[in-house]
Amino acid sequence: MPPASSATTLPQTETHAATTLGGVWHVVLLNDPVNLMSYTVAVLRRVLGFDEATARKHMLEAHEQGRSVVWSGLRERAEHYAFGLQQWHLTTRLESDETH
Amino acid sequence: MKRIEVKLHLPAVAPLLDVIKASADSLRHDLAAPLRLDSLDDEFRAEWEAELVAAQNEDVRLLLSLFGHEFFGTGIVALDGTNAEAVVRACSAVRLRLRTGALAALPDEELESGAVEVERLAEPVRRAFMCYVFLATLQDLILNNLDEAILGP
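Chains as they are written, first to last, in my numbering: chain A, -8 to 91; chain B, 16 to 168.
Where hints are given, some of them may not hold.
What the hints assert, rightly or not - Restraint-style ranges between C-beta atoms, simulated for each label pair: (1) B/137 <-> A/88: 45 to 51 Å; (2) A/15 <-> B/49: 21 to 27 Å; (3) A/44 <-> B/160: 19 to 25 Å; (4) A/44 <-> B/57: 18 to 24 Å; (5) A/29 <-> B/72: 24 to 30 Å; (6) A/54 <-> B/88: 40 to 46 Å; (7) A/68 <-> B/130: 36 to 42 Å; (8) B/76 <-> A/66: 30 to 36 Å.
Simulated from the structure, these hints should not be mistaken for laboratory data.
Quick reminder that beta carbons are idealized off the backbone N, C-alpha and C, glycines included.
Modelling step: build the complete structure from the supplied sequences, incorporating the hints.
This is the structure we're talking about:
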């Protein structure tokens, strides 16, 4: 991992280019009727670092609407989060902006 | 290290263990929550599945290890930082497998609300349902008592 100081010297255009090339990816949590609400909230906090209120909001959104976008950004990071959620048996999808 | 010990009612729990073990065994090569990540290429997807199945197997092994020889002597299961996360995940995996197996005929609404008429269920389904409830209780217990200490970000 590069030192923090080098990260701040990256030209803004380079970051933008990377995002554009990779596109924006969404980690979508799907509702399932098995996992407990308290479990889902705990997992969202654990994997995505959400506070209690944010985790609860996403859990309820998935419960009521069938899905909730829990994270958006570069693909590599989206895959990391999707893998983490799957490891806790929460069903997820990865969607790119281009699929909408 | 925070640790909880739970004294379980042996005559109630012992008959459930065969069902839990059978479900756990059926998970050896499959994910409890199948991957729905169509955007992954085949090779990457296969790597993910293999890694997730291996992790799931280890979690299930730790869950089953709670109910070893010592448990049948004391009725006590002990949970701490070394096993709590794995056990809570394994409970989820086995519950998902029960849902798609022995409990497949029960409507989601009944299972979610808990409004299942247990006495109307055939014996194998009743036992599977009791397992389903027992594992949820175990999860709740861990989350309520060890959440901040163990499952925090």
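The hints, checked one at a time:
no.	hint	result
1	B/137 <-> A/88: 45 to 51 Å	holds, 49 Å
2	A/15 <-> B/49: 21 to 27 Å	holds, 26 Å
3	A/44 <-> B/160: 19 to 25 Å	holds, 22 Å
4	A/44 <-> B/57: 18 to 24 Å	violated, 39 Å
5	A/29 <-> B/72: 24 to 30 Å	holds, 25 Å
6	A/54 <-> B/88: 40 to 46 Å	holds, 41 Å
7	A/68 <-> B/130: 36 to 42 Å	holds, 41 Å
8	B/76 <-> A/66: 30 to 36 Å	holds, 33 Å
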